[in-house]
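Sequences and hints are given; from them, build the entire structure.
Numbering (my numbering), first residue to last: 1 to 104.
Honestly, the hints are just simulated from the structure, not real lab data.
If you're wondering where the values come from, they're calculated on a predicted model, not measured in any experiment.
Please note that the accuracy of each hint is not assured.
What the hints assert, rightly or not - Computed list of lysine to any residue pairs in SDA-like fashion (alpha-carbon distance at most 25 Å, straight line):
{"no.": "1", "residue 1": "Lys-68", "residue 2": "Glu-96"}
{"no.": "2", "residue 1": "Lys-44", "residue 2": "Lys-68"}
{"no.": "3", "residue 1": "Lys-68", "residue 2": "Arg-40"}
{"no.": "4", "residue 1": "Lys-61", "residue 2": "Arg-10"}
{"no.": "5", "residue 1": "Lys-56", "residue 2": "Pro-45"}
{"no.": "6", "residue 1": "Lys-30", "residue 2": "Arg-10"}
{"no.": "7", "residue 1": "Lys-37", "residue 2": "Lys-61"}
{"no.": "8", "residue 1": "Lys-23", "residue 2": "Asp-82"}
{"no.": "9", "residue 1": "Lys-37", "residue 2": "Glu-52"}
{"no.": "10", "residue 1": "Lys-44", "residue 2": "Ala-26"}
{"no.": "11", "residue 1": "Lys-68", "residue 2": "Asp-82"}
{"no.": "12", "residue 1": "Lys-86", "residue 2": "Phe-55"}
{"no.": "13", "residue 1": "Lys-72", "residue 2": "Ser-21"}
{"no.": "14", "residue 1": "Lys-30", "residue 2": "Pro-45"}
{"no.": "15", "residue 1": "Lys-86", "residue 2": "Glu-96"}
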Amino acid sequence: MSAVKFDEGRLMQILLAPIVSEKATAVAEKHNQVLFKVLRDATKPEIKAAVELLFKVEVDKVSVVNVKGKTKRFGGRIGRRDHVRKAYVCLKPGQELNFSGEAA
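Structure representation (C-alpha cells):
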C-alpha cells in the first residue's frame, strides 16, 4: 500500500476524544482495539494516519460506526443530540495505547 500524504494540521483535528466505557474496555482487552470519537467527515485512511502520528503506534485496521443522535425533550421543546462517528482502531500485535497516564 502506498503511503498517502495527509495534511498534518487536519490529522491533528480528526481525533476528537478517546471513548472510555465498559464496552470500549472490553473491546480493548479482547481485540486489541481502541475507540475514538472522530470528525463526521473523517475517512479510514485519515484516522489510521492520525492515530499513527499522534500515538506513535502501528495500526492494523480501522472500522467506523455512524451513531445517530437521540431525539430528546429539553423543557417543552424537542431537540436532538449531535450525530457521532466512532472509530474502532485495531492495533497490530505487540502495540499498546494507554490513556490512564501511567508509564508503560
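Comparing the hints with the structure gives:
1. Lys-68 to Glu-96: Roughly 30 Å separates the two Cα atoms, so the pair is violated.
2. Lys-44 to Lys-68: This hinted pair holds, its Cα atoms lying about 19 Å apart.
3. Lys-68 to Arg-40: With a Cα-Cα distance of about 11 Å, the restraint between Lys-68 and Arg-40 holds, given a limit of 25 Å.
4. Lys-61 to Arg-10: holds (20 Å)
5. Lys-56 to Pro-45: holds (16 Å)
6. Lys-30 to Arg-10: violated (31 Å)
7. Lys-37 to Lys-61: holds (16 Å)
8. Lys-23 to Asp-82: holds (21 Å)
9. Lys-37 to Glu-52: holds (16 Å)
10. Lys-44 to Ala-26: holds (22 Å)
11. Lys-68 to Asp-82: Holds, at about 7 Å.
12. Lys-86 to Phe-55: Distance of about 18 Å is within 25 Å: holds.
13. Lys-72 to Ser-21: Distance of about 22 Å is within 25 Å: holds.
14. Lys-30 to Pro-45: holds (24 Å)
15. Lys-86 to Glu-96: Status holds; Cα separation ~19 Å.
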